[in-house]
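**Q** Sequence:
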Amino acid sequence: MFKEELSLVPHLPGCYLMKNKDNIVIYVGKSKNLKNRLSSYFQREHTGKTMMLVREIDHFEYIVTNTEMESLLLEINLIKKYNPKYNILYRDDKSYPYIELTSDKVPTLRIIRRINVKKVKNNLFGPYPNVGAARKVVEILNRIYPLRKCKTYEKRECLYYHIGQCLGYCTHEVDENKIKEMKSEIISFLNGNTKVLTDRITEKMKISSDNLDYEKALEYKELLNYINITTEKQKVDLDNSVNIDVASYYTKDNYISIQILFIRGGKLLDRNRNIFPMIDTEEEEFSRYLSEFYNKNVSMPKEVLVPDNLNKEVFEEVFNIKFMTPIKGEKKKILDLAYDNARIYYEEQMTYIKRDEDKITNALEELKDKLKLDSVDRIELFDNSNLFGTFNVSGMVVFVDGKPSKNDYRKFKITNDKNDDYGTMREVIYRRYFRVLKDGLVKPSLVIVDGGLGQINVAREVINELGLDIPVCGLKKDDKHATNVLLGFDPVVEIPIDKRSDLFLLLTKMQTEVHNFTISYHKQIRSKGALSTVLDNIEGIGEVRKNKLLKKYKTISKMKEASLEELEEILPKDTAITFKEFLDNYDK
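Mind the numbering: the sequence shown is residues 1 to 588 in the working numbering, read in order.
If you're looking for bench data, these hints aren't it; they were derived computationally from the structure. Small disclaimer: the values here were computed from a predicted structure and weren't measured. Among the hints, a few may not be true.
[Stated by the list, open to error] Once the Cα atoms are required to be at most 20 angstroms apart in a straight line, the calculated DMTMM-like pairs of lysine to aspartate or glutamate come out as: (1) Lys221 to Glu203; (2) Lys136 to Asp199; (3) Lys354 to Glu365; (4) Lys359 to Asp374; (5) Lys3 to Glu56; (6) Lys499 to Asp358; (7) Lys49 to Asp253; (8) Lys331 to Glu303; (9) Lys252 to Asp280; (10) Lys443 to Asp377; (11) Lys302 to Glu313; (12) Lys322 to Glu283; (13) Lys252 to Glu357; (14) Lys149 to Glu139; (15) Lys80 to Asp408.
Let the hints inform the model, and build the full structure from the sequences given.
**A** This is how it looks when you write it as structure tokens:
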């Protein structure tokens, strides 16, 4: 397999791109020896994800680089560009939150996710894998330090000023030294020095107690306990000036478990962890994970402890921070701790991973059998939503190998402004698969519509008109709006599903996912709709009646509060009943 192509590959560093029969990039990797690495895919047997990848490879390309550092940077950029499906780490676009202390004259403290590295001017602390912990930290700091809470200056004293959590920046001159002192203490705490904050809370607790305000004193005591318990659990026997990351991994049965420990001020403050199937060598998988992790993060430690098999010189040159492997002492113990955590996480998660993968495999096999298909590796599902013919939208979700592929989800704002399910289905199916043809996108193995025979026939008709050969089936719901039967094809027949089966659970999950995704978009569109536009879409409400309603009620919320009798003062009874029903469902 690929014998001639492999004979031409040089023994040089670089990146390689695996492509399927549709010329889609499905995997990107790097190696210091392209010939050896590429040959390893095709000259021996594989299992798991690697086996699935190799089966799908139709051809490959490679790009030679001068150094391993160039390969690392190129790999990061190629993965971002192509989003290959087998580079599973990078299909999740989740970014961890940071705590930001703004550099304004009067600063604010907040949590942010989206960061433009080139425009970062403020103090950033993180990342925080546990967003709940980050919110709690911000909440505590905002209670103890009277920073500005308002987004804009209101020119009046706010509630925070009256409860002692703001210095009244909107209406009072505040000593700049006081602001600098608060900033300095907050920065010190977020860098790992908890003493500065615990001293401040202890002082406030004593003042409240002396003033006989025991309720407030108890609140401060609870805050103090929270900080002490949290930091005591995570205490590490290192010098309190140490700010480092510690990264290690554990591999078994073709899976890799990775742990990155964040140590600030000598204390273990948080961690990042992940587990996933390996395709490359363990060294390459670990290297790729770290490069992606530090490429996304803005707040860097001065030093990262790593196992000896990582090419530390390349990472130091790319990220401009120190990577080292300790061989003894406390730092060696911490690196061993990261390894132990990676191993324990593997043992915990593999039970669930294997169980879930078995269930998905069983479900997909049953689906293929019931529909008599060769493959169901990519399924696209559609759902429509409207409110009495207004704000018509559709949503599409994608499941690849039985798992959600959220980067492939799509939203459709429908141009048809009538309560016409078939017209909506026709439009969304045409728009989606015309785009697939036009842009050469990946075709699904199966299309599932959330609807009955009519929706299936419309979808099939449009797909046939476009000259595509994609099977379409439907999911029918019972009276309780729950998944009931699968509607097959050629001819369309009801295929019962055992409600205890893995297939039923998977289809229910898919149906819930597409429903929630579409409803969420529908609410988003509705919230942007002007009130007059809403009224324009209600049958029986013309320009005169619309103006009367707007003059009397002005807002949707006030209209919702109106009784049917009050609406009938402006509208005919039938129209008032329809409009009242519309209002009752508006925020659902």
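**Q** Looking back at the hints listed earlier, which ones does the structure fail to meet?
**A** The structure breaks none of the hints.
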